[in-house]
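Participant: Listed here are the chains, written in short residue letters.
2 protein chains.
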Amino acid sequence: MGIEVLLNREAEWLMGSGPDSGVVVSSRVRLARNLRGIPFPGRAERDARVRVREMAEEAFEGSALMQGAIAVRLDEVGEIDRQFLVERHLISREHARGDEGSALAVGEKEIMSVMINEEDHLRLQALRSGFQLGEAYREVDALDDDLERAMEYAFLPTVGYLTSCPTNTGTGMRASVMLHLPGLVLANQIGQVIQAIAKLGLAVRGLYGEGTEVSGNLFQISNQGTLGKAERDIIEEIEGVINQIAEHEKKARQALYRKNFRALEDRVCRAYGLITSARIITSKETIDLLSALKLGLDFGLVEIDRGTINDLFIVTQPAHLQKLAGRELKPEERDAMRADIIRRRLKERGQPKAPGGGAPPPGAAA
Amino acid sequence: MGIEVLLNREAEWLMGSGPDSGVVVSSRVRLARNLRGIPFPGRAERDARVRVREMAEEAFEGSALMQGAIAVRLDEVGEIDRQFLVERHLISREHARGDEGSALAVGEKEIMSVMINEEDHLRLQALRSGFQLGEAYREVDALDDDLERAMEYAFLPTVGYLTSCPTNTGTGMRASVMLHLPGLVLANQIGQVIQAIAKLGLAVRGLYGEGTEVSGNLFQISNQGTLGKAERDIIEEIEGVINQIAEHEKKARQALYRKNFRALEDRVCRAYGLITSARIITSKETIDLLSALKLGLDFGLVEIDRGTINDLFIVTQPAHLQKLAGRELKPEERDAMRADIIRRRLKERGQPKAPGGGAPPPGAAA
Chain V
1 MGIEVLLNRE
11 AEWLMGSGPD
21 SGVVVSSRVR
31 LARNLRGIPF
41 PGRAERDARV
51 RVREMAEEAF
61 EGSALMQGAI
71 AVRLDEVGEI
81 DRQFLVERHL
91 ISREHARGDE
101 GSALAVGEKE
111 IMSVMINEED
121 HLRLQALRSG
131 FQLGEAYREV
141 DALDDDLERA
151 MEYAFLPTVG
161 YLTSCPTNTG
171 TGMRASVMLH
181 LPGLVLANQI
191 GQVIQAIAKL
201 GLAVRGLYGE
211 GTEVSGNLFQ
221 ISNQGTLGKA
231 ERDIIEEIEG
241 VINQIAEHEK
251 KARQALYRKN
261 FRALEDRVCR
271 AYGLITSARI
281 ITSKETIDLL
291 SALKLGLDFG
301 LVEIDRGTIN
311 DLFIVTQPAH
321 LQKLAGRELK
331 PEERDAMRAD
341 IIRRRLKERG
351 QPKAPGGGAP
361 PPGAAA
Chain W
1 MGIEVLLNRE
11 AEWLMGSGPD
21 SGVVVSSRVR
31 LARNLRGIPF
41 PGRAERDARV
51 RVREMAEEAF
61 EGSALMQGAI
71 AVRLDEVGEI
81 DRQFLVERHL
91 ISREHARGDE
101 GSALAVGEKE
111 IMSVMINEED
121 HLRLQALRSG
131 FQLGEAYREV
141 DALDDDLERA
151 MEYAFLPTVG
161 YLTSCPTNTG
171 TGMRASVMLH
181 LPGLVLANQI
191 GQVIQAIAKL
201 GLAVRGLYGE
211 GTEVSGNLFQ
221 ISNQGTLGKA
231 ERDIIEEIEG
241 VINQIAEHEK
251 KARQALYRKN
261 FRALEDRVCR
271 AYGLITSARI
281 ITSKETIDLL
291 SALKLGLDFG
301 LVEIDRGTIN
311 DLFIVTQPAH
321 LQKLAGRELK
331 PEERDAMRAD
341 IIRRRLKERG
351 QPKAPGGGAP
361 PPGAAA
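So the protein sequences, as listed, match chains V and W. Last residue of the first sequence? That's 366 in our numbering, and every number before it is there in order. Last residue of the second sequence? That's 366 in our numbering, and every number before it is there in order.
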């Protein structure tokens, strides 16, 4: 089974089915692991990197969690395929540039995945829809146990897991959530919230991680420190912070609804009108309009399946469009195809209903 | 019968039914007349102005063309009503400021109308949908004959009709057409065309005449000179020029269709999506979107009754909204009501069909 399967199979984290999915799009826990006695990927010779890949692939066979996994060797796929995997959050931009040692294994519904020979020998990931950090940790921890039965990790009892970059040493864990915060953005409170998050030692990034711009009101929040704390404690700390942010977001949305219902409705309805009508649309505009639709969904202003909206964030990215087309596309061809796909998906998969425009809520200013 | 009737009755010139109505929205011929022996309105005492109004009203009774006309004394109506009449192209901005001598008579379907004590004692107007300058002239000329039987005009055989402003002296006639020229605007050829029109001695103005900005790709073109030429000759000259402009416009549209169908379709479909979805919309945006819909209609990209679109240009103006609401509205209230009315009218009166987005025409670039 190759990459093509991913194009037509639904990823669990995009289904929009998890807890608190109005604010928390997805939860992810990733573990960095290295094999004892083999140089880390950045310093390893080609042979050593290939050996690590083969050892990992063998180890997967012994894990029930990786049964039926799709295996991808990054030297065997083209540029568009690599970009496609980045867009699906399965590999990093750095990993996309990998050689024959670089590989990826993706489990059922894209919940579990492992990057081989990225910055570390192994990067284990569990990705879930909604607010499910605890569940994601439980799963990636189980995979970690399975693999540890087949391979010996580089580990020091006094320090923890050893990693290429010292910031990952210790638990080797990074837990992150993708938040949709249009309320805080529209209320101009997002700056304050981001400052507060940074003070708590958490990092804030855009849709595509480190160094990417925030768009579509989507924010990735993750822990920075991995040393000297138990995994469960780190997860609980993040959960506490996320709960607070979600609370602020909900209050900001309620205030919008109460104080300026007409403007909110206008924003959502215009987004619906534009995205279902456009014949040419850029990726940037798409993400902004999808964000408005997502907000409208949470207020019951539009009736579209949440999973369809989440899926459109990803499927409208450049490499996804080119995979669907089966060929390289010029930017203007992508803009046309993007518009066509959005209209088709909203028609087929969602139950798009023209926004109702009912009476404003009791007590709301018109 | 008062002004209210105009609010619910269709004006012929907005029906979009006349010849060449894809390019020529409406045709208008106006005659300036003054009564012999009475000072012109700018110099007349109150009594003289009132006498002119009474004489005119009596004369109307003898004309079959003015039977059932609505009579409005501008000193008896409020600010919103005056503005409403300006928006319907029945009185000028100057006339809206008139005193008890200032009046208006409006015939069936708003085809014929007479302003009393504007700049001249009488301004007779015939307004028709589409390209019907000849017909409009025939009608206003017939009304002129009717009135001349009851009143004596200020007239010099060597010069013609005398008027307050010398630029109107002679025939006292101004013939104008309202053109919709989105093709020339999008093709960046409009500047050239306007220069050429000016060289031919014709004036180019916006939707609301002298001193108003061009919006919605609507251009009013009228003759400047009224002296030393027969009415029929002036009309024929303008007709010739308009035919040429219409030809250029059609060619520009065909080129758009052929060379960039996708962008054209995108513009029309987005306009349709926005105008049927917005909950808050300004007058300026409305006119721009209606212009795009009008263009889409001419290309068969949307199915909306042309009269409904034409009517929306006028009915979404501030005073019309306030007349419909029956009270004064704040600008933000107007923006909300405007959006509501547009959605309702497009649903009730047009047969709005979501743009088809069919295949591009044979040979068109995608």
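Bear in mind the hints are in silico, worked out from the structure with no lab data behind them. Owing to the predicted nature of the structure, the values given are computational and were not obtained by experimental measurement. It is possible that part of the hints are untrue.
Pairs involving identical chains hold if they fit within one copy or between any two copies, as the list cannot separate such chains.
[Claimed, not checked] Cut-off 20 Å, straight-line C-alpha distance, at most; resulting in silico cross-link-like pairs (EDC-like, lysine to aspartate or glutamate):
#1 323 / 110
#2 259 / 333
#3 330 / 108
#4 259 / 332
#5 199 / 348
#6 250 / 54
#7 109 / 76
Participant: A separate judgement is required for each hint: does it hold in the structure or not?
Facilitator: Quick rundown of the hints versus the structure:
1. 323 / 110: within (18 Å within a copy, 60 Å between copies)
2. 259 / 333: So residue 259 and residue 333 pass the 20 Å test across copies only (15 Å; inside, 42 Å).
3. 330 / 108: For residue 330 and residue 108, the Cα distance exceeds 20 Å both inside one copy (33 Å) and across copies (58 Å).
4. 259 / 332: Between copies, since 14 Å is at most 20 Å while 40 Å is not.
5. 199 / 348: neither (45 Å within a copy, 57 Å between copies)
6. 250 / 54: neither (48 Å within a copy, 68 Å between copies)
7. 109 / 76: Neither: 23 Å inside a copy, 75 Å across copies.
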